[in-house]
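There are 2 protein chains.
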Amino acid sequence: MKIAHLGEKGSFSELAVRGYFGKSATTVGCADFSQVFDEVSNKRASAAVVPIENSMAGSIYENYDHLLNYNLQIIGEIYLNISHFLMALPATNITSLTHIYSHPQVLSQCKKFLKKHDTWECIPTKSTIDAITHIKKEKLHSAAAIASLPSSKYYNLAVLKSHVEDNSYNTTRFLILSHRARKKEDSLAPVKTSIAFSTPNEPGFLYKALSVFALRDINLLKIESRPMMSGKFEYIFYLDISGHYTEKAQQNALTHLQEITTMYRLLGSYPVGKTIATDLPH
Amino acid sequence: MKIAHLGEKGSFSELAVRGYFGKSATTVGCADFSQVFDEVSNKRASAAVVPIENSMAGSIYENYDHLLNYNLQIIGEIYLNISHFLMALPATNITSLTHIYSHPQVLSQCKKFLKKHDTWECIPTKSTIDAITHIKKEKLHSAAAIASLPSSKYYNLAVLKSHVEDNSYNTTRFLILSHRARKKEDSLAPVKTSIAFSTPNEPGFLYKALSVFALRDINLLKIESRPMMSGKFEYIFYLDISGHYTEKAQQNALTHLQEITTMYRLLGSYPVGKTIATDLPH
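If you're matching them up, the sequences are chains S and P in order.
The first sequence begins at 1 in this note's numbering and counts up one residue at a time.
The second sequence begins at 1 in this note's numbering and counts up one residue at a time.
These are calculated hints, taken from the structure and not from any lab test.
Please note that the accuracy of each hint is not assured.
Pairwise CB distance ranges (calculated) [unchecked claim]: (1) Tyr169(S) x Thr262(P): 13 to 23 Å; (2) Leu215(P) x Ala277(S): 39 to 49 Å; (3) Leu188(S) x Gln35(P): 48 to 58 Å; (4) Pro90(S) x Tyr264(P): 46 to 56 Å; (5) Pro90(S) x Lys208(P): 52 to 62 Å; (6) Asn69(S) x Tyr70(P): 33 to 43 Å; (7) Met1(P) x Lys115(S): 22 to 32 Å; (8) Lys183(P) x Lys161(S): 43 to 53 Å.
Note that the structure is predicted; figures quoted are calculated from it, not measured.
Note that CB positions come from ideal geometry on N, CA and C, so glycine has one too.
Pulled out of the complex, with its shape left as it was, chain S reads as follows (with noise of 0.2 Å):
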């Protein structure tokens, strides 16, 4: 089984993809998100695995753009919790470091840790393992990356410091995307189903959209609304229900729902994700 991702060995969309699929799945590393996309819609892959959203930084609308954009289906979630770590190469001594490399999120995301340094200059770099390649490449030994744990063991690297993020809250919530929408399953494991549409831009018109779930006691897991690219003044929503598409009231209330919507697209129904951690050994 052929998994597609963005990014290489180690990256935390590896990780999520190990997650979900298990140590056995096959991962096919992408330059660039819409590539990620190709790879599933062309068929050269079974699934694939995208961030939508994080905790800190908010959602990544470049794939919301593509869910719409691309044919695909959701049929899963996963919820990374993101821990950093500040590796080196072996023997490199932590009071010996002048250098930081990691991806500018990662560094924004340590500060208080790196403020504590004051005399270590910090280098951005385009992701935490390109970070990780040059220390090894150049051999540097007053210099250390910041990356995930999985990917100090992939790359040999030597642990100076566990756990040098700010906030440990910080989750990334990805989804697996394939070609076929999920089935309804006979498990009472909490199933989620993600829609998007638009409304005309007047008055009470989302609250209207909203109504075909309060009077079936649907329940509302998200909701977000976003300028439309076309640069008028309207507004896609993105929004999670509780329940799979095809039980009773939720193919009642997203039937009415399309009859005062202006754009409609069903995202798929999966079953809740669950949440796992990134600081145990891979």
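Keeping the supplied structure of chain S fixed, place chain P upon it in accordance with the hints.
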């Protein structure tokens, strides 16, 4: 009048300050967003200008957090249409370029242009201004930076290519913050009000919350949900509604809303902002 913002001369935040307050305002460049909020909170600056969302990258959650943690009021907004320019030391020829420096987010917004020149190596920097100052300091004649047009003027670099961004609808919304709420003015210009609240995590509660506006024909301009950082499965909602909070219908709706929310904050009422271009000489 001192206005706090993130970054240096020529940054987009500084352009937003100039766009809103005019050329005579004294800008106070800060190293991070908490310092920007601190400057106003400690009354060292009379206002702050912070980015809150981008049409491509989404919400800037760090500033949403600061809005809840600091006791400031939104008194205005301004939209910047983001354009990127390729610039280098005078006498550098585009055909002799080997390295391109910029912030990773900017590089990712110029993918199509960079793909056409696949021999160029892209080097991430902490900010677009860092890219410029590096090229100037090291006197690099085979390198270019991608940054804003006003920064090319400020640092005396020559523009090699205009509008290298992939998408022309790349807009960043900035909020103007102050100690004191903005009073209702005798003007016909449309006004909006921003609020934040939480509801119990039960079916229909968000619908009930929105009913207070729908019942009074108050338009919802923006809605966003976000998991609370506490780790519990509870959401904060950010809403922009039409009108000033002192108008009768808005006052009633907001009083009504507080009966059914577990947390409520009025973030401010202010005139709907204008969009300004960033591709004109400063």
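To see whether the hints hold, each was checked on the structure:
1. The hinted window of 13 to 23 Å between Tyr169(S) and Thr262(P) holds, with their beta carbons roughly 19 Å apart.
2. Separation of Leu215(P) from Ala277(S) is about 45 Å and conforms to the stated range, judged on CB atoms against 39 to 49 Å.
3. Hint check: Leu188(S) to Gln35(P), Cβ distance near 50 Å, so the stated range 48 to 58 Å holds.
4. Remark: the range hint 46 to 56 Å for Pro90(S) to Tyr264(P) is upheld by a beta-carbon distance near 54 Å.
5. Restraint check, Pro90(S) to Lys208(P): a C-beta distance of roughly 59 Å satisfies the suggested window 52 to 62 Å.
6. At roughly 39 Å, the beta carbons of Asn69(S) and Tyr70(P) sit within the given window of 33 to 43 Å.
7. About 30 Å separates the C-beta atoms of Met1(P) and Lys115(S), a value consistent with the hinted range of 22 to 32 Å.
8. In this structure, Lys183(P) and Lys161(S) meet the distance hint of 43 to 53 Å, their C-beta atoms being roughly 51 Å apart.
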